[in-house]
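Number of protein chains: 2
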Amino acid sequence: MFKVNEDYLKLPGSYLFSTIAKKVAAFSDANPEKELIRLGIGDVTQPLAPSIIEALHGAVDEMGNAETFHGYAPDLGYEFLRNAIVKGDYESRGADIAADEIFVSDGAKCDSGNIQEIFAKDNKIAVCDPVYPVYVDTNVMAGRTGTYDPKKETWSNVIYMPCTAENNFAPDFPDEVPDIIYLCFPNNPTGSTITKDQLQGWVDYANKNGCVIIYDAAYEAYISEDNVAHTIYECQGARTCAIELKSFSKNAGFTGVRLGYTVIPKDLKAGDVMLHSLWARRHGTKYNGAPYIVQRAGEAVYSEAGKAQLKEQVGYYMNNAKVIFEGLKNAGYTVSGGVNAPYIWLKTPDNMTSWEFFDFLLEKANVVGTPGSGFGPSGEGYFRLTAFGSYDNTVAAIERIKNI
Amino acid sequence: MFKVNEDYLKLPGSYLFSTIAKKVAAFSDANPEKELIRLGIGDVTQPLAPSIIEALHGAVDEMGNAETFHGYAPDLGYEFLRNAIVKGDYESRGADIAADEIFVSDGAKCDSGNIQEIFAKDNKIAVCDPVYPVYVDTNVMAGRTGTYDPKKETWSNVIYMPCTAENNFAPDFPDEVPDIIYLCFPNNPTGSTITKDQLQGWVDYANKNGCVIIYDAAYEAYISEDNVAHTIYECQGARTCAIELKSFSKNAGFTGVRLGYTVIPKDLKAGDVMLHSLWARRHGTKYNGAPYIVQRAGEAVYSEAGKAQLKEQVGYYMNNAKVIFEGLKNAGYTVSGGVNAPYIWLKTPDNMTSWEFFDFLLEKANVVGTPGSGFGPSGEGYFRLTAFGSYDNTVAAIERIKNI
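Line by line, the protein sequences are chains U and P. Using this note's numbering, read the first sequence as starting at 700 and increasing by one per residue. Using this note's numbering, read the second sequence as starting at 700 and increasing by one per residue.
Treat the hints loosely; a few may be bogus.
Because identical chains cannot be distinguished in the list, a pair is counted as satisfied if it fits within a single copy or across any two copies.
In silico BS3-like cross-links for lysine-lysine, where the CA-CA straight-line distance does not exceed 30 Å [unchecked claim]:
hint, residue 1, residue 2
1, K968, K702
2, K907, K702
3, K820, K702
4, K820, K733
No wet-lab data here; the hints were simulated from the structure.
Turn these sequences into a full structure, and let the hints steer you where they fit.
This is the structure:
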């Protein structure tokens, strides 16, 4: 008789965003006349930029002709895209990454979920708290996290690194040395980031202690300050300790187009085993490449026209971030984030819990956000708003919150 | 110090198609004047059908406007596609499958690799021999297959079900009862299939013995005979024992477009745990949906125009299959397959090994095929040719083989 993976059954209840969706649906059913503004989930709203649309149409036409038709893609992704990535994201930052160290994929969520697979089951992970739920959940599914404490909402075999106002939302080095460290800067959900010097500290820590850093740089395009690294490979020594995950979802609005990539430098080894070889084996065996037309769209992201159009798009969202940040600050809220990231992180007023504030905001302002506690215990008492709405909705939402 | 997944290191050498690619490259380098014809890898060559191109262009335009832009897709895939699948692939066959039992994905390769993850590590798998390498390799990576015997080229903890001329390439029920049974009909690589009655036998066997069948129906569109099931859910009782994997790669030429789906009926349970829930959890946590534009292309596959155009495309390849089958038969080869599948499986002449015949064909006819032994020990002495080339190339290849 077949048996199921018991580790899957350890996962507590439902996913954060499902719970939100259910609560919102119930509210809408009860109050059909209320018009909701959603600043909760991190999905974009602006259409694809013209140069990307043009590239997509061109590639679709190619697929309609036998002479230019494309079947299975090369395992690592098309060279035209990997070369554009190297030039646009690494050479331009003085970071030494080669095209054959890049693995094109259908997005950073999949990669961030699958990457743990190449590590031993008894490796111990460290995560920021609060944190993007996928890092921990996928390690739970792999049986790597021990037992769950429903009261503390933590796993016995995970090292949590609190990121709160007290440490300026920058994690301290953990007391116990982990094997795998997940870092995401600019951060989801707090919207804060760390300086390049601080990141260098993490690289040094990892190299000294034999850790590997899984560095999620999905929000890199939103960096506005000079002393923040756009890639971990700007740091000395990162080639021997860091894997970097990148997304096209937030810099180019590809949440519904699906494209990302993972960088594994060939210098990153356990003994004489290159992690690059293991990921290549996974990629070749369990994955079959991003669509040709999508890879052409990705290439257009790096064209001169594409870059200019996307700079404008990111600017549009960052203006929303400013509207939220300034508006809430003026209304007396304690806010952070929003300067190098499209997320604003606010302290709930009057000692409300995150979920209490969620209900409060939904009922009083008809605005949907995300409870900080959904991202981890240290997120309790915080709340996330995203800058990915339209400008008009963003302004209206802040007005409503001010007028509560 | 982080450690790697040791199970990955158990995988022997390189992937079949990489070895072929290297041999072919070496031959081409040494013989630059020789024009090769490739009937090896199962990649399609015909362009996308006009109705699919039209759907893609339309969806691209939608992505360029804020009003019709699509971000993150629903977890299971868009309803318009899942409804089309239910109507086109199940209702039409009298098979009882609901739209919320369908999980849209980026292809059957990924799904066939990932599906093992929802099962316990100590479950024992059974595979046909020869077999599509992904089934076994992904179980090796999960630590489920025991130790490798390099002489026999088998794993100690895998049940092999030989499919040879002796049993008409239809597996016999194994002596030892497995937990998980991988079946693929019409079959890759043998090109043979089993009747609906025979498939019903497997469903009955699975229900009786508490096995789950992972049924790969990627080549369903090539079925030409009436007594062959197009879906395992045509069989009585399949809802309690079978998962079905479907691909758009071969019926619609989506190898470079990437679309597939997995069916898990809600009646399929281990105790009171629905496998549907586990796969939903994996899908929601480690995957983020197929691109909107690709799902619209998938919908077009089921339109009246799409169906007519794709029937023609499948007919084109099946005509190639006939050319190969008849040509080789007339030349004195022992051939099978090619009637309900785009693969022709031939016995190597003069007791050559599969790889000897590969080299022989490459050198004497400059034709690339796939050695049967690459798919498993019982494939030794066989060779696979695919019908996915152009008609002209297919005719030319057979002429060359005849003239050796």
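Check each numbered hint from earlier against the structure, then list the numbers of those it violates in ascending order. 4
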